[in-house]
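Student: Take a look at the letters that make up each chain.
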Amino acid sequence: MFTQNADRRLELLQGTLDLLILRTLVFGPQHGQGIARAIQQTSAEELLVEHGALYPALQRLEARGWIAAKWGVSANNRKARFYTLTSAGRKQLGRETTKWKRLAAAIGRILESGEA
Amino acid sequence: MFRGMFGRKRKESDFKSEIESHIQLETERLVEQGLSPADARAAARRAFGNVTKAQERFYEAGRWLWWDRLWQDIRYGLRQLRRNPGFTIVAALTLALGIGANTAIFSLVNAVLLRSLPVRNPARLVLFSDNPKESLSMSGGIPSGRQTLFSYPFYRYVRDNSRLFRGICAFQTPEDTLTVREEGRAGAAVQVAQGKMVSGDYFSVLGVRAIWGRALTPADDRPEAPPAAVISFNYWKRRLAGDPAIVGKTFEIDGVPLTIVGVAPRGFYGVRMTAGSADFWMPLALRPRMPLTAMPQAKGLLTDPHFYWLNMMGRLKPGVTIRQARAEINTELRRYLTGQAGSRIAKANRQRIERAYVPLAPGGRGLSQLRYQYAEPLRILLVVVGLVLLIACANVANLMLDRATARRKEMAMRLALGETRTRLARQILIECALIAAAGAGAGAIFAWWSLQVLVAMVAAKVPLDVRPDLAVLAFTAGVSVLAVILSGMAPALRAARVDLVPTLKAGEAAGGGERTRWGFGKGLVVFQVAVSLVLMVGAGLLVHSLIDLENQNLGFDPEHVLLVNVDTELAGYKSSELPGLYRTLVNRINALPGVRSASIGSESPMSGNWGGFPVSVEGEPPPAGGGAPQVVVVGPHYFGTERMPVLAGRPISGEDTAAAAPVAVVNQAFVRRYIPVGNALGRRVSYGVPFTPPGNQIVGVVKDARFSSAREPAGPMFFLSVFQLQSVMASVNEIEVRAAGDPASLAGEVREAIHQIAPDLPVTDVTTLSVQVNRSLGRQRAVSSLTGFFGVLGLVLACVGLYGIMAYSVARRTHEMGIRMALGAENGDIMRMVVGQGLRLVIVGLAVGVLAALGVTRFLSSLLYGVRPTDPLTFAVVSLLFTTVGFLASYLPARRAMRVDPVTALKHE
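Residue numbers (the working numbering), protein chains in the order written: chain A, 60 to 175; chain B, -9 to 899.
No wet-lab data here; the hints were simulated from the structure.
Be aware that one or more of the hints could be misleading.
Simulated crosslink set (DMTMM-like; lysine to aspartate or glutamate; CA at most 25 Å straight-line) [claimed, not checked]:
| id | chain 1 | residue 1 | chain 2 | residue 2 |
| --- | --- | --- | --- | --- |
| 1 | A | K138 | B | D4 |
| 2 | B | K43 | A | E121 |
| 3 | B | K43 | B | D58 |
| 4 | B | K43 | A | D77 |
| 5 | B | K1 | A | E171 |
| 6 | B | K1 | B | D29 |
| 7 | A | K158 | A | E121 |
| 8 | A | K138 | B | D58 |
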């Protein structure tokens, strides 16, 4: 169970949570808990997302206009607030993804050169 | 996408239920995976982390927090201000004076200088003149250079040939006084109204529609058209009780029957900004039919190209700039003048044509005598009240600094408890804004009250609408914000710079900030003294000018003269009856006890009227530059009654009748201009150019008298005998009576005498010559007294500032004074020390102020009279005044310092 091996998982780097949320919403509207689950599952349980930290992030993204929110009903008939990616959010996702990939590649190169 | 920024903010409860739903969903998922409901819920909560923290973070990210804190600070500020009512009231009143003065003067500026005509798209209107003055008359002579008055043929030429204008209209300024009688109403009384002659496209160019009936059209402006007129809303409402059947009614106007075709909209006063102008608008083509014109050549008004009597205004086509229009009109003007001059043009004439130009200017604000007169004084006053605001803000800043010093401990405590420095600074600014808000409220009341006084000073006779509009509200708001920034910025920054540890340790009396507070306060006082010195020097120069203007020799004696205006035209006298009437009237009044002499004339000095036309002297070439002398029609004893000395020859007498040879009396300026060499007596002068016999023989020369303005030296004047004139020119309406004592006390008897001789002759106005002269100085008096008032206000505020800082300094140094006295310092030493300190500030301020004043007083030049902008006497007197007042302001705190008891002072620590 993920609650037991939480200590082994990676903590999120500053600022990456926004990117992950945007990425998750590419597949369609999702509520907060669903987003948290999706991030954990797609990262093969490698990433630790404190669920409480998710909401201020959602709040922030909504304020910037990158995601939009609406109350709806979940698959198991629960009331939940669903988030959708806006077109501005989609563009932001593109930008952030490129940036992240470049950053990761650059850091990777530096680390590899050190190993050699 | 800006929902997050501008949309409704999410409620906290909404956020809470979202978290609730998250935990619910997570719990259910864990139950599905096999956990017991209680474990699942606990696990879900664990995974979520701290719920309260998430909620707090949500709250802090929102704008609610910002508002909440602002509201907190405002409430705290209000409590602070309530706790120090003395400080609050003084600061608010000081700002009220500053803001109120600015609002009042700006309201005037707005009403007089800024407002546009109530017509469609006023910005596209262009006036064929750069002078908003209205009192242009039918004169002009040979056009030379700058042209602002036009002949009817030129108007038609430009209207038909210009391609950059949607339309060009012409109109006569000023209005004519008309007699009006409603036709078909038996026994209807004759009324007096103002009429304006306008071209047929006047209303369409201005873009104004009639609210009732129709406006005038070019079809009305043809000689064969049925006489039509548009009536003003005011006249229709006031004099005709809003008669619903007005359109189609016929009025006899100056004897000519006119049909009313429409009513102009409310608030439309033609090309003027104020009421009291035209009641009737009539087409120009009617002009030659109206008998009222004073000019003998009136028949040629519509055909004579040398008759300059029209103002012009045009509406530009879309996209056309005023610069393009100016180029076009001036090309057309020269083309027109060349065409006028014919095939053979003299060299001088060609040069004249080259020089001719029309100074086109934006016309959306219409014509306004007030704007012409007050444009510059108002700009100066706006600067003056701006300076008053600066002084007021400096005072409030000083007070705030004192308070900030007293509250250092509070600030340090808040800082220690984790408050940010920004918020401390904001707290001070908020308190300042609260004071400014109170000040703005009180200032608005102050402005409203003082505006009544101001309007009475500036525009006694013209109804001026100074009700606050958006522009005034925006200005007041802007000034208030400026006041907050100016008076709150320094104290706010200081509050933010509080040194935590020393302040908390040392208590109230010490600390590193003290030095800067003293230094900054000194700077403020120096600034205040300098600015108020500039104000006082300006006020001193203006008051000096006013006194000079009031006491100068005007060339006539304004004391003891009663002026009685009658209206022979209204009473229906024929011109043949007038000489008899005048003789009887003057003889009868002369016989009254207490009357030295009496006479009649077309106008008296400083009446504000000006009539004239070009003249030629036999054997003299027309003087360069054209122009026309002022023509005054007078009866016997006129010069004696006004006390205008006759220098050569004789005055106009009772023998100068229609039977005798026509005569004229001229003034020295006339001789200088028209007869530069030789004896003027015996020369002949005729109307118009060139000389046409027989002309009037000059029989006397009078000393120059200032007839039009106390500021300007006398212009050329030409006096004619009332008994030698025919038609309307013989209709003279002012009776001048020189009394032995108080002229006003004669008014009743003179009225009575007039009534006995001519019961139908209405007396329209009774005043005295000295009142009339005084009235002509109204603008000067208004500007001088206002600047003087604001100067004194500035001085008082600066003194309060100086007193404040000296009192503060003494209080701060009580301990030091105690030591000094304990060590043997005498009262005199303490006194010298404190007063010396205060006077040093004043003297530095004076030096700065004198330099600044030397730089700026030249902007007053146009309002000064008999005194140079750098008048040493004014500078010296004002400096002395400041030194004296500065001495007093530091003497009072010094006395307190002397009373310090060394023992108490030392114990106090």
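Student: Each of the hints needs a verdict: does it hold here or not?
Tutor: Hints, verified against the model:
Taking the CA atoms of K138(A) and D4(B), the gap is near 12 Å; set against the 25 Å cutoff, the hint holds. For the hint linking K43(B) to E121(A), the alpha-carbon distance of about 19 Å falls within 25 Å, and the restraint holds. Taking the CA atoms of K43(B) and D58(B), the gap is about 19 Å. The hint holds against a cut of 25 Å. Of the pairs offered as hints, the one joining K43(B) and D77(A) holds, with about 19 Å between alpha carbons and a cut-off of 25 Å not exceeded.
Distance check on the hinted pair: K1(B) and E171(A) sit about 50 Å apart at the alpha-carbon level, beyond 25 Å; violated. For the hint linking K1(B) to D29(B), the alpha-carbon distance of about 31 Å lies beyond 25 Å, and the restraint is violated. With a C-alpha separation of about 21 Å, the suggested pairing of K158(A) with E121(A) holds against the 25 Å cut-off. Distance restraint check for K138(A) and D58(B): the Cα-Cα separation of roughly 31 Å exceeds the 25 Å cut-off, and the hinted pair is therefore not satisfied.
When held up to the earlier numbered hints, the structure conflicts with 5, 6, 8 and fits the remainder.
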